[in-house]
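Since the structure of chain A is already known, use the hints to place chain B on it.
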Amino acid sequence: MFGYLQIQKSELKVCEYDSYKAIYCGLCKQLGKDYSFLTRFILSYDCTFYAMLLMSVSRSCKGFVSKRCICNPLKKCNFALCNSDSYNKAAAFSVISAYYKLKDNIADSRLLKKLFSYISLPFFSHWRKKAVKKRGYIELDNIVSDMLSMQFEDEASDVSTIDTSAHPTALMLAKIFEREAETEIDRRVYYEFGYHIGRWIYLIDAADDLNKDIKNKNYNPFVRANKTDCNYIQSVLSQSLARAYDAYNLMNIIDFKGILDNMFLLGFPAIQNKVISKLKTEVENE
Amino acid sequence: MNNPYQVLGVSENATDEEIKSAYRALAKKYHPDNYTNSPLADVAEQKMKEINEAYDTINQMRQKGKGTGSASNTNSYYGNASGSQFYNVRIYIQRNMINQAEQILDTTPQSNRTAEWHFLKGMCAYKKGFNEQAMNYFTTACNMDPNNSEYRSALNNMNVQRNYNYGGYNQPYGNDMSGSNCTCCDVCTAMMCADCLCSCCR
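Chains as they are written, first to last, in this note's numbering: chain A, 164 to 449; chain B, 2 to 203.
Only chain A is shown next, with the shape it has when bound in the complex (with noise of 0.2 Å):
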């Protein structure tokens, strides 16, 4: 996942700020605590996302307190109290997704990036390691190293549509959602949503490496489908950030649903309108 699941800041209430902020830290706790104090260094927007939706059906935030923060012992910071395993499996996707994106990385970058990724490797392979046995978090990782497997393979398959390319991500996620419904409504609507993002998530990386991909021959799913027109990926990506946002209303949100609230309607959004400006601003530049 890259960072696009972010606030609106400027829309959001103080006091909702604050929790996003108490959970941001909170994750980053977590993270050192799990794993490694290297580790905090992975935290992502995704990831606290994912922290906060979980606690947020979970029901398991349970106030916050105020510590000293570690990157800045004189400052004490907020962090959000969670009575559930909201913040492990939120820090476990981030050490096994980290850690497969760096084998993706390796697969196909540059040299210089290609170097860095070997010598970070073996750390975020133990680290892996330590989520996947101690912490039993086995079917995530299935999860995510079977969406890069399929990746994989689409990629290099002759029939690759922009559906196709995109369906590994949006499989992954909907499988990481599907586990916490406790009926079989709920995993259907899990299962929509975490499809939908994940496909939007997918899409809109896409649409923001389009030119740089163009420029290095990389594999770009826009490009593969010969549709490079900014006003029809916008549509693509609008379509799926709708289809989630008609699930993600399905779902029983109490705790956190002003801050969610503002990702879809303006977040998300937000920086889609980035995405796609930037992309005008290249073509009429060249």
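Simulated from the structure, these hints should not be mistaken for lab results. Any given hint could turn out to be false.
[What the hints assert, rightly or not] Listed next, the in silico DSS-like pairs over lysine-lysine satisfying Cα-Cα at most 27 Å (straight line): (1) A/Lys390 <-> B/Lys29; (2) A/Lys176 <-> B/Lys128; (3) A/Lys293 <-> B/Lys50; (4) A/Lys192 <-> A/Lys293.
[Unchecked claim] If you anchor each label on the Cβ, the simulated ranges turn out as follows: (5) A/Arg222 <-> B/Ala26: 45 to 53 Å; (6) A/Lys420 <-> B/Asn113: 43 to 51 Å; (7) A/Arg222 <-> B/Asn100: 32 to 40 Å; (8) B/Thr16 <-> A/Gly421: 17 to 25 Å; (9) B/Ser22 <-> A/Arg222: 20 to 28 Å.
Every value quoted in this text rests on a predicted model; they were computed, and no experiment measured them. Quick reminder that beta carbons are idealized off the backbone N, C-alpha and C, glycines included.
Showing chain B alone in chain A's frame:
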């Protein structure tokens, strides 16, 4: 049954107006139009029923005796399917059994691939989340049979989603940065003006 106030997400002390607007907001959210062809259409329908009941209950408790006048009519989408050669396919799709539906469709000989066939292929793709494929099939179906309202409404639904009409998103580009119209030059000019004024007053 759950507490009707909780269902609508309002406190028990809420005024009638607040309850009405909460109900309206939810009813808009769960409206069947948002879930046309969606695999979650039945879930939305269920939610709609719940808020209708909750709203009615509250109104009765407050002795208003007003009903919502709502009736669920979401099943009409498949109303006239019985005469179709793809009757079984429609049943499978309705039950979200997409693999079975696709199996029948894929074994249909080329000569029988009518507008309806394309529409149903589009439905399968849509339910799987393959939006682009669905778009192509729906477009073909509409081109083959431009007067069919069922195909037309599926295509319209796609186009509505592709605009993401929620939350005031539909604004022109660059609106996400407030004050972005203020360039360096504007700042400079403002500073110079301010400076002039300052020296005037001295």
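Structure-based check of each hint:
no.	hint	in the structure
1	A/Lys390 <-> B/Lys29	violated, 34 Å
2	A/Lys176 <-> B/Lys128	violated, 37 Å
3	A/Lys293 <-> B/Lys50	violated, 47 Å
4	A/Lys192 <-> A/Lys293	holds, 17 Å
5	A/Arg222 <-> B/Ala26: 45 to 53 Å	violated, 22 Å
6	A/Lys420 <-> B/Asn113: 43 to 51 Å	holds, 49 Å
7	A/Arg222 <-> B/Asn100: 32 to 40 Å	holds, 35 Å
8	B/Thr16 <-> A/Gly421: 17 to 25 Å	holds, 21 Å
9	B/Ser22 <-> A/Arg222: 20 to 28 Å	holds, 26 Å
Of the hints listed earlier, those the structure fails to meet are numbers 1, 2, 3 and 5, in rising order.
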